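Taken in sequence, the protein lines are chains A and B. Counting in full-length UniProt numbering, the first sequence runs without a single skipped number right up to 834 at its last residue. Counting in full-length UniProt numbering, the second sequence runs without a single skipped number right up to 438 at its last residue.
Hints were generated in silico from the structure; no laboratory data involved. This structure is a prediction, so every number in the text was calculated from the model and none was measured. Heads up, the beta-carbon is just placed ideally off N, CA and C, and yes, glycines get one too. Do not take every clue at face value.
Heads up, simulated DSBU-like pairs for lysine-lysine below, C-alpha to C-alpha not over 35 Å straight-line [unchecked claim]:
| hint | chain 1 | residue 1 | chain 2 | residue 2 |
| --- | --- | --- | --- | --- |
| 1 | A | Lys515 | A | Lys250 |
| 2 | B | Lys177 | A | Lys304 |
| 3 | A | Lys145 | B | Lys313 |
| 4 | B | Lys359 | A | Lys234 |
| 5 | B | Lys93 | B | Lys266 |
| 6 | A | Lys596 | A | Lys515 |
| 7 | B | Lys416 | A | Lys342 |
| 8 | A | Lys234 | B | Lys412 |
| 9 | A | Lys304 | B | Lys299 |
| 10 | B | Lys359 | B | Lys412 |
| 11 | B | Lys177 | A | Lys342 |
| 12 | B | Lys206 | A | Lys234 |
| 13 | B | Lys311 | A | Lys342 |
| 14 | B | Lys389 | B | Lys313 |
| 15 | A | Lys596 | A | Lys399 |
For each label pair, taking beta carbons as the anchor points, the in silico distance ranges come out as [what the hints assert, rightly or not]:
| hint | chain 1 | residue 1 | chain 2 | residue 2 | range |
| --- | --- | --- | --- | --- | --- |
| 16 | B | Pro364 | A | Asp294 | 20 to 28 Å |
| 17 | B | Arg426 | A | Leu336 | 53 to 61 Å |
| 18 | A | Val570 | B | Gln334 | 22 to 30 Å |
Not everything, but these chain B residues come out facing chain A in the computed CB check (under 7 Å) [stated by the list, open to error]:
| hint | residue |
| --- | --- |
| 19 | Leu133 |
| 20 | Tyr175 |
| 21 | Asn178 |
| 22 | Gly287 |
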Amino acid sequence: MAPPARSSQSSSPSQPSGKGEVSDLKSQLRQLAGSRAPGVDDSKRDLFKKVISYMTIGIDVSSLFGEMVMCSATSDVVLKKMCYLYVGNYAKVNPDLALLTINFLQRDCKDEDPMIRGLALRSLSSLRVPNLVEYLVGPLGSGLKDSNSYVRMVAVIGVLKLYHISSATCMDADFPSILKNLMINDCDTQVVANCLSTLQEIWTAEGSNSEEASRERDALLCKPLIYYLLNRIKEFSEWAQCLILELVAKYVPSGNNEIFDIMNLLEDRLQHANGALVLATIKVFLQLTLLMTDVHQQVYERIKAPLLTLVSSGSPEQSYAVLGHLHLLVMRAPMLFSSDYKHFYCQYNEPFYVKKLKLEMLTAIANESNTYEIVTELCEYAANVDVPIARESIRAVGKIALQQYDVNAIVDRLLQFLEMEKDYVTAETLVLVKDLLRKYPQWSHDCIAVVGNISSKNIQEPKAKAALIWMLGEYSQDMQDAPYILESLAENWDDEHSPEVRLHLLTALMKCFFKRPPESQKALGIALAAGVADFHQDVHDRALFYYRLLRYNISIAERVVNPPKQAVSVFADPQSSEIKDRIFDEFNSLSVLYQKPSYMFTDKEHRGPFEFSDELGNLSIEPDVSAQHVEADDEDLLLSTSEKGDVGFPLNGSSYSAPSYDSSKPLSASNTSSDLAILETSVHHQASASLAIDDLLGLGLSTTPAPAPPTLSLNPKAILDPGTFQQKWRQLPVSLSLELNVSPRGVAALTTPQALIMHMQGNSIHCIATGGQSPNFKFFFFAQKSEELSNFLVECIISTSSSKAQMKIKADDQNSSQAFSALFVTALSKFGML
Amino acid sequence: MPVAASAIYFLNLRGDVLINRLYRDDVGGNMVDAFRMHIMQTKELGTCPVRQIGGCSFLYMRISNVYIVIVVSGNANVACAFKFVVEAVALFKSYFGGAFDEDAIRNNFVLIYELLDEIMDFGYPQNLSPEILKLYITQEGVRSPFSSKPSERAVPNATLQVTGAVGWRREGLVYKKNEVFLDIVESVNLLMSSKGTVLRCDVTGKILMKCFLSGMPDLKLGLNDKIGLEKEAQLKSRPTKSGKTIELDDVTFHQCVNLTRFNSEKTVSFVPPDGEFELMKYRITEGVNFPFRVFPTIKELGRTRMEVNVKVKSAFGAKMFALGVVIKVPVPKQTAKANFQVTSGRAKYNASVDCLVWKIRKFPGQTEATMSAEVELISTMTEKMTSTKPPIQMEFQVPMFTASGLRVRFLKVWEKSGYNTVEWVRYITKAGSYEIRC
């Protein structure tokens, strides 16, 4: 009838409007507040609708609080509800105004209509204002005794709300014991269910500080209560049934007969249309039979069909939730599912997350009887248009190969992948072939023949490139071109962005050197020189280590680099069985889908204030090169570098046994410095023996590259972790700041900021973080005095558009900052910056 | 313990909030922003419906053009949360009468808020049954001032107790004409290798029921499933009738079905809800009759030409026919054009999906149709043609046919007033994911 009706219908809540509209509403509400004219409720409704729709889209309408409360004197239920919703939303931020509502809410709590009583009580307990809890206790108490079950149902949850606002008030009013009574005696099942959830929450929360509470919590698992609930279970709503079954899953029956009784009683729940209920039932079955091995197996057989039905029905999201659980069960007992492999074949249109779980299950259940079919199917996916799935499929084939005894046919298939000539297929396959060779060295001949034909130019992915390089090094005696391929890679050292690849390249060249010295001597020289000058700490360390090892004693070096190797029998499972058991205990919850126990994602200690899950973390914290493109503040920059050190030493790890010489120890990054020191001292004694090598390699490089003036010498191997840097940067005052003009040559050189970083490192000034984008670059450098632990920190902002460089220098030792700045500027000018 | 939901959001595809309901304070108010930033605006959107951001987990699903997001702070029961969303949407639909989409939400947002208050309290699911909610949440909602009989209203739970826990049906329904409609809807999933061997095949079926019955009727449904027939024969001590029996791999029932009786007597007996509902779902893997067989041959003639021949045979009875048959044959991206010859229907090249799409409106049983196409390709140096081949996909509907062979043997209705009912049964088989590799 009225125009506002139209406008509220059409005014979409997504169009934010300004303050004008809010004040407009305010005056309209005022007009209606006192009116008793017929039809006034309709106009109120339209206005309220507007208010709620503004609230929904995030416009602050809290200024209307007074008017809304005034208008709330109505007998229209819908109006009341909207008003309650509004009040519940804003009471928390307007505690004083909330007091205004107490009156009418309390009055409504005594309304003759149970509906109104319930609604008012629900709203009253949803105000969430600590000062007002005193007004809540009375209505809650009478609500729990109300003759109408709707009101009782609301009151029970109200107790829980009260507990969350003020636990002391709730406990003092002795509500929990009233609820306990209600739970056993109330005739309405929803009231009982709400009592159960409320008590569970309260006792669990209280349990940590009071022994009595934890006793009460355990009492929820007592036999009489469990039996009482189980016997009535069919009267409960499906949601309440889930709740009860969750409780039953924790119950410890006294004997096998009891277990069978419970299972018989619940068996028909497996046929229920509600998937959540079926899963809850399955959990009970699994938990009850945990100690009865053969029955436990029968349970698996029994639940298979319902699970497979749930997976194939419902929305993809629902089937994902079930599939996650099926995945868990398959991983626990793959052999029980080995004949059902066809159920895990992927459909073309299924979403990625479903396919991925299916692939993992196919991998797990592959055994002698079905491997052929499964691998054939996986090979179909490898040719899939969907690249991530193709990758996963290839990995799956590889995993099956690693867990089987008869890998003959699989190796052939893997090698066929290499012939598909697709970059990502080749890349994944190379990684697998590498792992395969580590386990089955006897296949080297076949693999090498195919791998040898792959051009390293076509492989961009670091992992794949590293795998190829590893194979080139490991089998260089069988691969004609190996030294030459490695040489060309070494010559393009600077183009190789991944430290992992550079590390592998060093090791591969060392291996190659011992097998075919004349052909690879030059390449090794290039790689060692580039490696020692590398800005990445691990690469630098490894290069230096190899260099000194060669100088020290060639035969020992050979034993370190090329020890006789044992094939890897089993690759380590990344997840411990203890963790797996914990996840299993938390069946039917998020932990199964996350594949980690709940403490890992709910406890504060295990995650930062705003830490992202693994997959998500890549979004904001990109460790590698891309950090330079991230426009970020200083803290982010520092954060990004702290991830850089995460480069493993997968090849010379503990899986290889070196007979007399422990190869893993000196190679691990953390130990290198001490070992190097020992080596260094012995170098002098062996100097004559190793000089030849020095010349042989033609390195002409000195191990202490410090062209520092006598006044101040810097530690070329200075170490400072980003956290400390950040802390120091905050604490220290700026001791020097200067602005310099940058030469055009310097501007040109900055197209690759890496070059500057490498250069400065050569001058013992290390870069800890970089950022910004052309034309503004930002660098953080640090340096340490060589004789004492005194740090210099530099922030250097270079603008290529204005050809200016701004520097702020902070120092532990203020007196030497002048000398350092001179050193810094000299270093910059040597680069051609100034 | 099934941790309660902290908040529920309804967003449109752009990320605008349509509805938000905060149930608990343990999550911050900026949850929508977190969802938008870390899920909607990234390519993560399609990758997983369960995500952790900060300390909270986001469980989300898309229904038509709306995202429904549940935020939880603890280790929640995911299956329960998704089921809740699905049920809630079904409830909304029954209120709006039909579609659930952005417009429907905008037009009914007050009602949705009202319902959200009732179906979940402090994050715990409460009553989601449309039958009961409709008793006291009405779209009019106006209470006559000083209602003379307050005791008559809003006491659904109390009535339930009296009527013996039939939460899904109201008492006192009256229909002039008592009718029951049964729809057996099956979808066939098939995955066939290029050599014609069946890699995977199953049928998921459901029985949909529409009831317009007076009073509190008791219904009993008989199917030609093996266990049911054997049990019946055993009870009546007479030999099992010959004829086709079906082995159901698994069955689930609507909550109205008496499961105890199903387990002991293998009969499906129930007091139905009023109106439309899904009575049961089943799954069958053995003895499936495929309605169609597809024989593709694809030949590459040099770099720029391809010859595609597809023969489709219908395997169902000669008196029946399939409707809306669509066969999609994937072709390489660099396809320029295609010339077709078909024995029936129409075919064309659809560049947006890289497929030859062949449509046949009506396909009689026990016949075959062929399509042969000459495909011309733009020659490119870069990509090899044989690189990837999605499977041929097929859509169809076959009325009066069940791929499983399931039949309704009887549907009995008892009501104390003893009225006569008219029962209607329909069968239809649809293509689920019907894929043939080539």
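Outcome of the hint check:
A C-alpha spacing of about 63 Å is found between Lys515/A and Lys250/A, which places the hinted pair above 35 Å, so the restraint is violated. Between Lys177/B and Lys304/A the alpha-carbon distance is near 43 Å, which puts this suggested pair outside the 35 Å criterion. Proximity of Lys145/A to Lys313/B is assessed by CA-CA distance (about 70 Å); at most 35 Å being required, the pair is judged violated. For the given pair, Lys359/B sits about 49 Å from Lys234/A by alpha-carbon distance, which is inconsistent with the 35 Å threshold.
Proposed proximity of Lys93/B and Lys266/B is supported: the alpha carbons are some 33 Å apart, at most 35 Å. Taken as a hint, the Lys596/A and Lys515/A pair is broken in the structure, with Cα atoms around 46 Å apart against an allowance of 35 Å. Between Lys416/B and Lys342/A the CA atoms are separated by roughly 49 Å; this puts the pair beyond 35 Å, and the hint is violated. The straight-line distance between the Cα atoms of Lys234/A and Lys412/B is roughly 24 Å, inside the 35 Å bound, and the hint therefore holds.
Among the hinted pairs, Lys304/A with Lys299/B is inconsistent with the structure: their alpha-carbon atoms are about 43 Å apart, more than 35 Å. For the proposed pair Lys359/B and Lys412/B, the alpha carbon gap of about 41 Å is over 35 Å, so the pair is violated. For the suggested pair Lys177/B and Lys342/A, the alpha carbons sit about 48 Å apart, so the restraint of at most 35 Å is broken. At most 35 Å may separate the alpha-carbon atoms for a hinted pair to count; Lys206/B and Lys234/A meet this at roughly 23 Å.
Distance restraint check for Lys311/B and Lys342/A: the Cα-Cα separation of roughly 26 Å lies within the 35 Å cut-off, and the hinted pair is therefore satisfied. With a CA separation close to 23 Å, the supplied pair Lys389/B and Lys313/B stays within the 35 Å bound. Distance check on the hinted pair: Lys596/A and Lys399/A sit about 21 Å apart at the alpha-carbon level, within 35 Å; holds. Here the CB-CB span from Pro364/B to Asp294/A is close to 54 Å, at odds with the stated 20 to 28 Å.
A hinted range of 53 to 61 Å for the beta carbons of Arg426/B and Leu336/A is inconsistent with their spacing of about 39 Å. Between Val570/A and Gln334/B, the C-beta spacing of about 46 Å breaks the proposed range 22 to 30 Å. Proximity of Leu133/B to chain A is violated relative to the hint, the smallest CB-CB distance being about 12 Å (cut-off 7 Å). The restraint placing Tyr175/B at the interface with chain A is violated, with a minimum CB-CB distance near 25 Å, outside the 7 Å limit.
This hint is violated: Asn178/B has a C-beta 25 Å from the nearest C-beta of chain A, more than the 7 Å allowed. Using the Cβ-Cβ criterion of 7 Å, the hint placing Gly287/B at the interface with chain A is not satisfied: the shortest such distance is roughly 15 Å.
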